[in-house]
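Since chain L is already given, all that's left is putting chain Y on it; use the hints.
From first to last, the protein sequence lines stand for chains L and Y. Under our numbering, the first residue of the first sequence is numbered 1, with each subsequent residue one higher. Under our numbering, the first residue of the second sequence is numbered 449, with each subsequent residue one higher.
One or more hints might be untrue.
[Claimed, not checked] DSS-like mimics (lysine-lysine), calculated; alpha carbons at most 25 Å apart, straight line:
#1 Lys692(Y) <-> Lys545(Y)
#2 Lys475(Y) <-> Lys303(L)
#3 Lys770(Y) <-> Lys141(L)
#4 Lys475(Y) <-> Lys85(L)
#5 Lys770(Y) <-> Lys545(Y)
#6 Lys297(L) <-> Lys545(Y)
#7 Lys362(L) <-> Lys585(Y)
What the hints contain is simulated information worked out from the structure, not anything from laboratory work. This structure is a prediction, so every number in the text was calculated from the model and none was measured.
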Amino acid sequence: MRRLASIFFLVIIMSAVMLSQINIQFEQYKLDNGLTVILREDHSAPVAAVVMMYHVGSKNEKPKRTGFAHLFEHMMFQGSEHVAKGDHFKMLQEVGAVINGSTNSDVTNYFEVVPSNCVELALYLESDRMGFLLQAMTQDKLDNQRDVVKNERRQRVDNVPYGTADEKIAKAMYPPTHPYSWPVVGYMEDLSAASLDDVKEFFRTYYAPNNAVLSIDGDINPGEIKSMIERYFGDIPRGKDFERPQAVPVSIPKDIQMTFEDQVQLPRLYISWHSPANFTREDAVLTVLADILSSGKSSRLYKSLVYEQQIAQSVFADAASQEIAGLFQIEVTAKPGRNLGEMKTAVDSIMHQALTNGVTQKEIDDAVTQMEARIVNRAQTKLGVANTLANYYCQTGDPNNINKQMEQYRGITPEEVLTVSKKYLTQPRMLLSIVPAGKTELAVGKGE
Amino acid sequence: MIFILSVCILMMTTVSYSGGSDVDRTKPPAPKPAPSVTLPEIQKVKLSNGLQVWLVEHHELPTVAFNLVIQAGSDHDPVAQPGLASMTADVLDEGTKTRTSLEISEAMSSIGASFGASSSWDGSFLTLNTLTKHLQKALEVYTDVLTNPVFPQKEFERLRKQRLTMLLQQRDQPVAIANNSYARILYGDAHPYGNNPSGSESSLKALNRDDLAKFYETYYRPNNSTLIVVGDVKMDQITSLLEKALEGWKSGEIPAMTIPDPKPVEKMRVYLIDKPGAPQSEIRVGYPALARSTPDYFPVTVMNRMLGGQFTSRINLNLREKHGYTYGATSMFRFQKGVGPFQAQGGIVTEKTDSAIAECMNEIRLMHDKGMTSDELDFVKKGLVGNFALSFETPSQIAGALQNIVLYGLPDDYYQHYLQNIENVSLDEANRAAQKYLDASHMDIVVVGDLSKIRSGIQALHLGDVILCDLDGKPLP
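Extracted from the complex, chain L is given alone in its bound form (with noise of 0.2 Å):
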């Protein structure tokens, strides 16, 4: 009689946070040269998603290139043997296409949105691009898309308050030789060093089947798909086998204390851990740690620091997992006629509360429920689910996580938080200040 009482008990419990499971039927399977493709039917609009994912980023690149794989994303679009310069854009803008193409430091993905009855069209330009590259590359293409990755950097990055702070903190983080320790967008010196050697090198490398992931989801006809697919890839070659960067343990072996002067008017603070790589189950657990540090009013950091104490104009906690490496941080914005080591104490207060009693499992179950919407609200397009099933392809090897998303954060205890907070947010940190011109002693370790 009790073990049943505590197993009825048990399941009352599972129901409580009994979550939604999102289901997608997609099928999977490979070319003769190793292309492999992610189909799903999905006829609720007359739309279909085409995304291709190269399994390359700026984890990939070599020293003093830094920039290189996003700058060859802008090569991709001007144009292949078949397909003249400017056309790329034309042919998929005619049809009323949504396209675009992103770079981060693991993976490289290009994706066109079009109305059903043009997918043909975007796998004829997606083919002709993986296979026909090189014969159109020329100098003239190379320099205008570097002035225009350059003009990127400004807009995003240089000509934006705080914009170069993440740049300063990955390259403190970690050794110069990891690959996360440089700037997807790469510095100014190392683009104008790219030549079109380099661009060849990185296609023949790279940008092969076998590296590369097609996945489709809308309006289609898989049987007719298919036979497409065959015949615009199966002739491409395989390319050759290349060493991936693999995950090294990473740490400082002490704190790290940095004070930047910028162009704005208010003083902010960052403050760094190393912390899990993606798709872990640590990560998840921090990811539930930094929401119930952030997110919302009631949060811990927010309610404490902008609310309550209105010191700081705002604060962000967040779980910055990569492919092989991750960084806790926290970001906290201090508010006219405050300092930074204010800032700074006010965190450590918070912080040393969660560390030490840890978190309620009513805050743990809030954030789950909320990563819960979010993950439904991804599978509203077409776009979200072929680039999520994708990117799990690419990055743990199996599209169908897509449909265990919700796994990694079920049963979480807020032991479990406590245990995992401890191991990574008790080691070195690094307390990045970015200060108004003129103005370091708001810096922390000044005004304190």
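Just chain Y, lined up with the frame of chain L:
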């Protein structure tokens, strides 16, 4: 034999699958017949308090989205009180007769709902996105916030302080400086569109919570609002809940308000704002152009898409893909309830600021003088038609389409006729729109950048009088 047979099968398989040689890559594949687009079916109910409820059922995912559209946005800010509409929206969810600020946010976050009030030039919005299984709980809080807000003094003070600090932070952001200054220069501070919808330091300091409560009392009324619902729900499920919850929310008389017509730009002037050390210059070119109600909406939309409204537009292909001056340059007509601006814009590398302005002005003049070609017209129209098929995929897209109809008083069958309206635009109409609405001599230019490096180059273009301004777009003495 067996061996040979299997080779045969393999070869056949290869042939039937690969057939790589029969791919003709020299020309792109022709599209198949265009798919038909199923437009959302709008169900309408009027509640007994006068509130219109519009529902589109969408059962792909277990979620429901609500958007209450109130027909009063920052365009209703009195000239002396910029920031009133947006502050009202900000403080709306900070306390009701029975719930504190923290209780409201905790109630929503414990069910994973996203919720908030906001405003634009044209309206104010109370939005909710919830999993269907939490619908009842979410609606309970949502309707409480809508009908029983108390605008607590303490929360008002906190958010005003937050807002004042945010204005200070905008002074760091070249894009925000350019947008705010451009609006002030085009419209002046006697026109609502000339002010920062977030308010100014002095207007925020003069506001009090009673002003917000009064704005709410005046405009947040059932007969001045429409509730748009899209998602996994049926009409009778929500109407019974809403009738009861909104019982005490009554219609009222809504004061008439007309947005004044802005003064035209007499002749081109160049306004320069200094941002020492800036690696880029933010550029805005244009004038107060058209309201959403213009009969020329379709010709102008088609024409502008070629000028600067898509990646392969003339302006972007010139400034980005030909010259590498920028990461992206665009142009747009911002159709609003009142006369909104036309603006061509981009972030330009400091050293090429003058060349980029010259090229941009050339493109505007060329479109004005010569118009577009029939090939270009065909290209743009096809793109708009194809893009329409992508416009009703998600609940949030559908909700956005409905919001458009509600805000601008478009006919219910607006989207049924949309494609025909695009197809109907003739070359003559598009080019007449260019002549009528792209007169560069009556445009202003605003540039935010490092004046020590860009000023002489811009002056040498001789575009018009050069006026130096502060970070708010006010001329320096």
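**Report entry** Hint numbers contradicted by this structure
**Finding:** 2, 5
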